Amino acid sequence: MHMPLEDTLGLNLLAANQHQADHNREHFDHWGLLCLNVMSSPGAGKTSLLERTLAALAPEFAMAVLEGDMTTQLDADRIEAIGVPVVPITTGRACHLDAAMVSGGLGLLRQRLNPADLDILWVENVGNLVCPAEFAVGEHRKVALLSVTEGDDKPLKYPVMFREADCVLITKTDLLPHLPVEVERIETHIRQVNPRATVIRVSATDGEGLPTWHTWVRQQRSLRRQDTLITPAIR
Amino acid sequence: MHEVDMTRCLLLSMQSWRQRHDPATPLVSRVHLQVGQFTCVEPEQLCFTWSVAVQGSWLDGAQLEIETVPLVGRCIACGGTYQPEVANAYQSPCCRQPLEEIISGRELRIRSVDYTLPTPSSPIA
Chain A
1 MHMPLEDTLG LNLLAANQHQ ADHNREHFDH WGLLCLNVMS SPGAGKTSLL ERTLAALAPE
61 FAMAVLEGDM TTQLDADRIE AIGVPVVPIT TGRACHLDAA MVSGGLGLLR QRLNPADLDI
121 LWVENVGNLV CPAEFAVGEH RKVALLSVTE GDDKPLKYPV MFREADCVLI TKTDLLPHLP
181 VEVERIETHI RQVNPRATVI RVSATDGEGL PTWHTWVRQQ RSLRRQDTLI TPAIR
Chain B
1 MHEVDMTRCL LLSMQSWRQR HDPATPLVSR VHLQVGQFTC VEPEQLCFTW SVAVQGSWLD
61 GAQLEIETVP LVGRCIACGG TYQPEVANAY QSPCCRQPLE EIISGRELRI RSVDYTLPTP
121 SSPIA
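First to last, the sequence lines map onto chains A and B. Sequential numbering of the first sequence, starting at 1, is according to this note's numbering. Sequential numbering of the second sequence, starting at 1, is according to this note's numbering.
If we strip away everything but chain B, and leave its shape as in the complex, we get (with noise of 0.2 Å):
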């Protein structure tokens, strides 16, 4: 269950982007992470984890959107790129040649967050 300290640095980068809107706390409805196919990541068990930690937290109701990034290689003897089939085989159907370069699939960003700002309270008279 690594989801579950995946979800842990998530927070904690949710944490330090809170800080920039200080002394506000922004009301987050989504937050968009990109997940690539060659990575350990299970998107539905990080969805999980991160419904369950939020909680009662500033972060209570925020979805968790994943977008799968699926795993794509380039052939080093044709430079074409390719989809291995994951779990399978990894070689180039062109050339057979190993993956060697991998153009995407490794990515585990946190690419945006949708939010809204509650209007700054009347000062006290």
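Chain A with its partners taken away, still in its complex shape (with noise of 0.2 Å):
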């Protein structure tokens, strides 16, 4: 009979992942870009919004686009349409990007230009308000977007996403009018779970409050730029 034996470890579950998501930041960090992770439900309106982003942010910025879906093309072909450098990630059954996709793009992107020449790598991830809260990809900052369809006890039923983001953007703004939905509670529910995000209603159609958030893009490109004075390069 052998000695039944404990050992205790303490890990993170999602070790694994976190060592991969820690590994991309260090590139990024030596590249000196930022890393924007762009996360929602399917159909809340990241390819638009991102459309009308790089539109708007690319005469001040080089950017690129990590595009990660489960099946098609679609939204990096809507990307690509823009002029912007955008590399497919294709899930497969995945239904987030998890750090070692990501690392594979990576690997596509620098085939095609070279990183350090960018500013803001932009990660648009899976359409779900799960999974993605949960696996890091290296990014320096999370965005989660939530339409006005989707009812305003979502933040609530989906927490962990909106408890996670640093910033939220309540999306379709335009529809407004033409919902029994009321806005303010939306943003209740979110500063519920997440005092500390900054949320701004906007709409990709009709242009509503664009400028704040490509101002809140800028001042984390900004915060960025100041950090990487002060991180060592890897080896």
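Since the hints were derived computationally from the structure, they do not count as laboratory data. Being a predicted model, the structure only gives us computed values, none of them experimental. It is possible that some hints are incorrect.
Said to hold, decoys possible - Stretch by stretch, here's where chain B covers chain A in the computed footprint (C-beta under 8 Å, at least three residues): (1) 5–12; (2) 90–104; (3) 155–161; (4) 185–193.
Claimed, not checked - Chain B is faced by these chain A residues, among others (derived, beta-carbon under 7 Å): (5) A15; (6) A16; (7) V130; (8) C131; (9) E134.
Where is the CB? At the ideal position from N, CA and C, for every residue including glycine.
From these two lone chains plus the hints, build me the complex, please.
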């Protein structure tokens, strides 16, 4: 009879993903770029928002997009049409991007350009309010979108996503006159789970809030530039 | 079904733990996890994907034991602790403050492993 043994690990369950995410982050810092991870449920307007944002910020920043999608390349085609380099990452059955997939996407991106020339790398995650919240990809900031058509209870039902976000965009506000939804209640519910997030109402259709959102992006980019000065280069 | 990916991460961690005991392969009876209430993990789903994933591997037969850790917040106004009503209300019942500080409930931790080591085989004469 062998003695039963017990090893205490105290390890994060997602340590393997976190390790790869940290590695991605080291690369981002080495290249001096800002990486933003954009997440939402399917159809909340991530791609439409990115189209408008990329077009508006292209004169100021060199940007690229890693485009996560479960099966198709349709979103990547929309981004490519704006003239911003995009690498589609088809996740197959996986309902989120993980750090290894993003690392693979970076490999493909490096065949097309030098990431050190980029100011901002956008990661458009797979449409899902659950899983992407737990899988870091090495991003500096997380952006969550919630469209007004989804109802005001979503921040309470999917709290981890909204808790994790640094910025929450309430999208499709041009539809508000047609909906029995109070945008103030959405904001109150977001604040309940995350009092620190920046919350901005936007519409990619009529342009409401986009200047405020672009200012937020510029601020993050500017903070990143300052960070880069004190981040040691990786060997 | 992100529990599949979580299981994959868990197996990778177990694999690196196994190397501590190289060249022996530990016989694992139980893996203890702590899963916070304020995470995206469904314990039953995780147990199911684990039981499928370990079949035929060195971890075959190892049970996954999941301890659920409740969500506990601290009220920013009075400092009192409280358990938010998950999926319904997160503000503090005492002062109606938002969920600022989380004391517990975000855990996704491999706490410990129960195992035995096989007796070293006799050297071949």
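Status of the hints after comparison with the structure:
Beta-carbon proximity to chain B at under 8 Å applies to 8 residues in the region 5–12 of chain A; the threshold of 3 is reached and the given coverage holds. Counting residues of the region 90–104 of chain A whose C-beta sits closer than 8 Å to any C-beta of chain B gives 5, which meets the bar of three, so the coverage hint holds. Residues of the region 155–161 of chain A lying with their CB closer than 8 Å to a CB of chain B number 4, which satisfies the three-residue condition for coverage. For the region 185–193 of chain A, the stated coverage by chain B is satisfied: 3 residues place a CB nearer than 8 Å to a CB of that chain, which reaches the threshold of 3.
With a cut of 7 Å, the hint placing A15 of chain A at the interface with chain B holds, because the nearest CB-to-CB distance is about 5 Å. The closest approach between the C-beta of A16 of chain A and any C-beta of chain B is roughly 4 Å, which is under the 7 Å cut-off, so the hint is satisfied. Hint status for V130 of chain A: holds, given a least beta-carbon distance of 5 Å to chain B, under 7 Å. A least Cβ separation of about 4 Å between C131 of chain A and chain B falls short of the 7 Å threshold, and the interface hint therefore holds.
Evaluation of the E134 of chain A hint against chain B yields a held restraint, the C-beta minimum of about 5 Å falling below 7 Å.
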